[in-house]
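Q: The residues making up each chain are set out below.
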Amino acid sequence: MQNKTVQLGDLEIEVGNTNTVRLVFRGKSNHREPDAVLRPLFHEVIKKASTTGTGVELHFEKLEFFNSSTITSVIHFIKELRSRHIATQVTYDATHKWQKVFFDALGMLQKADGFLQITPVTS
Amino acid sequence: MTTLALVARPEWANAASLRTAVAAIVKAAVGDVEAATNAGMVACELSENAIKYGDWSHGGGFAFRLVLEGRELLVEVASPYDPSSGSFERLQCILRTIHDRSAQQAYLQRLTEVAEKTGEIGQLGLRRIAHELSARVTAYVENDLLSVRAIWHLDIDRSR
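These protein sequences, in sequence, are chains B and V.
Under the numbering used here, residues 1 to 123 are what the first sequence spells out, in order.
Under the numbering used here, residues 1 to 160 are what the second sequence spells out, in order.
In case anyone wonders, no lab produced these hints; they're calculated from the structure.
Do not take every clue at face value.
[Said to hold, decoys possible] A few chain V residues that don't get close to chain B, going by computed Cβ distances all over 10 Å: (1) A5; (2) G60; (3) R65; (4) R71; (5) E76; (6) R96; (7) R101; (8) L145; (9) S147; (10) R149; (11) L154.
[As the list claims (entries may be wrong)] What the simulated footprint calls covered on chain B by chain V, stretch by stretch (three residues with Cβ under 8 Å from a Cβ of chain V suffice, anywhere in the stretch; the number is not a length): (12) 19-32; (13) 67-76; (14) 101-107.
[As the list claims (entries may be wrong)] Computed cross-link-like contacts, DMTMM-like style, restricted to lysine to aspartate or glutamate with a CA-CA straight-line distance of at most 25 Å: (15) B:K100 <-> V:E113; (16) B:K79 <-> V:E113; (17) B:K97 <-> V:D155; (18) B:K100 <-> V:E72; (19) B:K62 <-> V:D32; (20) V:K27 <-> B:E64; (21) B:K79 <-> B:E57; (22) B:K97 <-> V:E72; (23) V:K117 <-> B:E33; (24) B:K100 <-> V:E116; (25) B:K100 <-> V:D155; (26) B:K97 <-> V:E69; (27) V:K52 <-> B:E64; (28) B:K97 <-> V:D32; (29) B:K47 <-> B:E57; (30) V:K27 <-> B:E61; (31) V:K52 <-> B:D10; (32) B:K100 <-> V:D32; (33) V:K27 <-> B:D93; (34) V:K52 <-> B:E33; (35) V:K117 <-> V:D100; (36) B:K4 <-> B:E14; (37) B:K111 <-> V:E116; (38) V:K117 <-> B:D104; (39) B:K62 <-> V:D155; (40) B:K79 <-> V:E116.
Built from N, CA and C at the ideal position, the CB exists for glycine as well.
Required output: the full structure, derived from the provided sequences and hints.
A: So, in structure tokens, the structure goes:
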């Protein structure tokens, strides 16, 4: 999987490969069917992490907005990572109330096995 | 009082346009970025629902209304409604879950369903609005139009 930047309308996802697969979300996600466009990328990430045994970092700090359809796609992705026991680190900007409310709620996906960690950062 | 009222074409990009416009208006009126972002989110979610579920077989557009009075904000969309679509009944079901439990529980329950069931999609927008903003969300049908309204109190932090 190469380092690259994926542009989906107003949403930009920077994909990086070092010790982990790192996705940095920027901008706004307003797509009507985000799953159709995000799924191939997410599938690629899962395949890479599974075959190499690396973890995944998901950075949402720079995300300005996502619609509820995108929320569904992100949840499916995180659930899939968890079910495959891929260590996943999610970070968000706790100074944005909307991010805090959403990622607090997403904490329900965390389990004692520690494969999913959701961490607030402050800008 | 600050108001905005227009009829928007049911094109997907218009939901994002309304989000941007509403955020800019609220930012100009109250000077709070968080309040503006939240108002934009509501405008976007309600507009997306109108575009997705409205009956556009006869053309037309959806009515969009924003009213800001003091610290209270109202966003309402009204779209043509086909009674055979069942969309009003689905809406009522969602609003009942918010009312019967709490907005937070309804939202968390839906997130869980989305996470647990493969292929489970949607029906998050209204719960999200009710939960994130403690908004009162209502829906009614009148003159073949389905209206959905969100009203909430702005939580303005002057230090932001």
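Q: Next, verify each hint and record whether it holds.
A: Evaluated hints:
| no. | hint | in the structure |
| --- | --- | --- |
| 1 | A5 | 23 Å, holds |
| 2 | G60 | 20 Å, holds |
| 3 | R65 | 20 Å, holds |
| 4 | R71 | 16 Å, holds |
| 5 | E76 | 18 Å, holds |
| 6 | R96 | 19 Å, holds |
| 7 | R101 | 14 Å, holds |
| 8 | L145 | 23 Å, holds |
| 9 | S147 | 20 Å, holds |
| 10 | R149 | 18 Å, holds |
| 11 | L154 | 12 Å, holds |
| 12 | 19-32 | holds (count 3) |
| 13 | 67-76 | holds (count 7) |
| 14 | 101-107 | holds (count 4) |
| 15 | B:K100 <-> V:E113 | 21 Å, holds |
| 16 | B:K79 <-> V:E113 | 11 Å, holds |
| 17 | B:K97 <-> V:D155 | 11 Å, holds |
| 18 | B:K100 <-> V:E72 | 23 Å, holds |
| 19 | B:K62 <-> V:D32 | 19 Å, holds |
| 20 | V:K27 <-> B:E64 | 15 Å, holds |
| 21 | B:K79 <-> B:E57 | 14 Å, holds |
| 22 | B:K97 <-> V:E72 | 19 Å, holds |
| 23 | V:K117 <-> B:E33 | 18 Å, holds |
| 24 | B:K100 <-> V:E116 | 22 Å, holds |
| 25 | B:K100 <-> V:D155 | 15 Å, holds |
| 26 | B:K97 <-> V:E69 | 23 Å, holds |
| 27 | V:K52 <-> B:E64 | 23 Å, holds |
| 28 | B:K97 <-> V:D32 | 12 Å, holds |
| 29 | B:K47 <-> B:E57 | 15 Å, holds |
| 30 | V:K27 <-> B:E61 | 21 Å, holds |
| 31 | V:K52 <-> B:D10 | 20 Å, holds |
| 32 | B:K100 <-> V:D32 | 17 Å, holds |
| 33 | V:K27 <-> B:D93 | 20 Å, holds |
| 34 | V:K52 <-> B:E33 | 11 Å, holds |
| 35 | V:K117 <-> V:D100 | 23 Å, holds |
| 36 | B:K4 <-> B:E14 | 6 Å, holds |
| 37 | B:K111 <-> V:E116 | 14 Å, holds |
| 38 | V:K117 <-> B:D104 | 21 Å, holds |
| 39 | B:K62 <-> V:D155 | 23 Å, holds |
| 40 | B:K79 <-> V:E116 | 8 Å, holds |
The structure is consistent with each of the numbered hints, conforming to all of them.
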